[in-house]
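Below are the chains, spelled out letter by letter.
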Amino acid sequence: MLETATPVRELSFGDAIKEAIAEEMRRDPSVILMGEDVAEAGTTFKVLTGLVDEFGKDRIIDTPISEAGFTGLGVGAAMTGLRPIVDIMFGDFLTIIMDQVVNQAAKIHYMSGGHWKVPMVVRCTMGATRRSAAQHSQSLHAWPSHIPGLKVVVPSTPYDAKGLFKSAIRDDNPVVIFEHKISYRKVKGPVPEGEYVIPLGVADVKRTGSDLTIIALSSMVQVALGAAKLLEDVGVSVEVVDPRTTWPLDEKALIESVKKTSRCIVMDEGYGRYGVAAELAAVVAQGAFYHLDAPVSRLCAMHVPIPFSPSLEDVTVPNERQVVDLALKLCGK
Amino acid sequence: MTVTAKKKAGVADDIGAERLLHMYRQMVAIRLFEERVNDLYTRALMPGLAHLYIGEEAIAVGICEVLTREDYITSTHRGHGHCLAKGASPDRMFAELLGKEAGYCKGKGGSMHIADPATGNLGANAIVGGSAGIATGAAFSAKYLKTGQVSVCFFGEGALGQGLLYEEMNLAQLWKLPVIFVCENNGYNEYTHFSESTAGDVCARAAAFGIRTETVDGQNVRAVYAAAQAHIERARNGEGPAFLEFKTYRYHGHHVGDIARAYYRPKAEEEEWVTERDPVTLHGQWLMANGVADRAALDAIQDELVAQMDAAVEFAVGSSYPDPSKVDQDIYA
Chain G
28 MLETATPVRE LSFGDAIKEA IAEEMRRDPS VILMGEDVAE AGTTFKVLTG
78 LVDEFGKDRI IDTPISEAGF TGLGVGAAMT GLRPIVDIMF GDFLTIIMDQ
128 VVNQAAKIHY MSGGHWKVPM VVRCTMGATR RSAAQHSQSL HAWPSHIPGL
178 KVVVPSTPYD AKGLFKSAIR DDNPVVIFEH KISYRKVKGP VPEGEYVIPL
228 GVADVKRTGS DLTIIALSSM VQVALGAAKL LEDVGVSVEV VDPRTTWPLD
278 EKALIESVKK TSRCIVMDEG YGRYGVAAEL AAVVAQGAFY HLDAPVSRLC
328 AMHVPIPFSP SLEDVTVPNE RQVVDLALKL CGK
Chain Z
15 MTVTAKKKAG VADDIGAERL LHMYRQMVAI RLFEERVNDL YTRALMPGLA
65 HLYIGEEAIA VGICEVLTRE DYITSTHRGH GHCLAKGASP DRMFAELLGK
115 EAGYCKGKGG SMHIADPATG NLGANAIVGG SAGIATGAAF SAKYLKTGQV
165 SVCFFGEGAL GQGLLYEEMN LAQLWKLPVI FVCENNGYNE YTHFSESTAG
215 DVCARAAAFG IRTETVDGQN VRAVYAAAQA HIERARNGEG PAFLEFKTYR
265 YHGHHVGDIA RAYYRPKAEE EEWVTERDPV TLHGQWLMAN GVADRAALDA
315 IQDELVAQMD AAVEFAVGSS YPDPSKVDQD IYA
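Just so you know, the protein sequences line up as chains G and Z, in that order. Letter 248 of the first sequence, counting from 1, is numbered 275 in our numbering, and no numbers are missing. Letter 83 of the second sequence, counting from 1, is numbered 97 in our numbering, and no numbers are missing.
Since the hints were derived computationally from the structure, they do not count as laboratory data.
In silico BS3-like cross-links for lysine-lysine, where the CA-CA straight-line distance does not exceed 30 Å:
| # | chain 1 | residue 1 | chain 2 | residue 2 |
| --- | --- | --- | --- | --- |
| 1 | G | Lys279 | Z | Lys340 |
| 2 | Z | Lys190 | G | Lys84 |
| 3 | Z | Lys160 | G | Lys193 |
Cβ-Cβ distance ranges computed for the label pairs, FRET-style:
| # | chain 1 | residue 1 | chain 2 | residue 2 | range |
| --- | --- | --- | --- | --- | --- |
| 4 | G | Asp199 | Z | Lys160 | 19 to 29 Å |
| 5 | G | Leu355 | Z | Gly62 | 54 to 64 Å |
| 6 | Z | Asp342 | G | Gly314 | 13 to 23 Å |
| 7 | Z | Thr206 | G | Lys213 | 49 to 59 Å |
| 8 | Z | Asp342 | G | Ala160 | 38 to 48 Å |
| 9 | G | Val342 | Z | Ala347 | 40 to 50 Å |
| 10 | Z | Leu59 | G | Gly83 | 53 to 63 Å |
| 11 | Z | Arg83 | G | Glu222 | 34 to 44 Å |
| 12 | G | Ile92 | Z | Val341 | 38 to 48 Å |
| 13 | G | Val342 | Z | Ala132 | 52 to 62 Å |
| 14 | G | Ala68 | Z | Leu59 | 55 to 65 Å |
| 15 | Z | Lys160 | G | Ala160 | 44 to 54 Å |
| 16 | G | Ser338 | Z | Thr206 | 45 to 55 Å |
Idealized CB from N, CA, C, for every residue including glycine.
Just need the whole structure built from these sequences, with the hints factored in.
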């Protein structure tokens, strides 16, 4: 929940991210950003437009189309005095940089006995329904979440995106941020003008309720809140909790909420099988077992490659109707 | 005086007697270190894998002789020689190889991951070619922060098969980064002759990026030093990267257990390199022929190092394993 004493404006999700990066670059000259078409082009999503004018091409650095190459370069730069933000245009391209992220960045601190650090941010996107088909639409945040040594941020609101992004840049570990690409312009919200950071590993209750907890991440928070309104009309009180980071994970907040409501749906735009939702469901099933009145349930992306045709793509992402139906079932209504 | 003798005397004058002797000492140290690794491994005192650098000593020594302590290196699975030449202490090296708490990485890295900020060692890497980004990133930092440091990326010719290397060479030349790509061509990708895996000319690959290249006799430490000096000075002056191919030979197998090698390389070939091309023997003979040292002086160096290495082994064998409670320390900074 937003608590601030400074003036608040409404910002888009994308502008909040840009503001976080700009503030940190002003604050710390060791912060640089590199990626494909990040400078004059301001990224393919135009999220960084204008940054190059303030910080110049030495700090907002256009790279060749060599994701593994500039991610690896970022790892080395991070070890030797810089705080690089590596811009990976689509989360789907994580496949290309996985060795540098998983075998290098994540393990260097541990393998070196704690002697080297990798203060690097990898920013990438997630989310379907942009009609971008199977190689530009996946939500692969489960992958880095599986790896010790990485931290993973999955923000849902402009306020959270800004505060979490600033924490990620200041963190001495490699952090992967998944930005929901549909949210860049579509999701707007209050963001204070002043300085603030949100620590990684603290969940946020987006709405309080007493009958059912929906644990939701990223784009699914808006879907959960929409469904909660519909359910309120039929007498079901829904609490929506957003973990905001998959690691570190605020297990206590999730468990406490489910202990209170006794029912839980976990929503995620990533795949359900072996995914983030599976882990979150396991955490609450174990932690709140004696308080449960219904099985912990998941609503995730369908287990299919993301299709192109709108009529096919739209059914792969969980929607409010599915949440309402499942919630009513779990509440015996 | 013949032209050849004049040329040799010139090299001695250029390099200086002290440095010529130091390079001999360093090569003998690596040889003795690796002989003890072989011994520890075959006596089952060393867990895991051991990839010996014996036969390739002149490359690490000739290169690192040009570097300052602050300059960076990245190393490989066959990396003991690089780490020692860059200034690592044999006792903490042996301790790490045996998985002991006193090791460079507190026993968490082992033979293939020795890392040490104090000597600019960004880490040995067990992903073939995996450190090309780290080395290039360190060079990026050096240029960005104007520190005057250079970065050396050691890799075997097996890494020529990895795409990352070419992405990094492109970035390094594009941005004129002070990184030296050092290809130690020992002729064999594990158990396969490199001619069966490598199309075209090795140096032509780097030259295609406009990178300066040179092929050098990797068994002649003075030749290695001379090449390194020229290219490192150039890189330090902001004139960009270099790619150096050193022709060398791995006396032992891919790892210590690789004993039956006749199926991939002839015994006669091994014998020829060992008897005719040994870098330690050749440099010793040269020092004596050019009046830099006599047999007694070289023997004294050997004796001193034998005592040092034996003491280092004793230290490592006698030191303790990390407490199991430390297994989950150093995952995050």
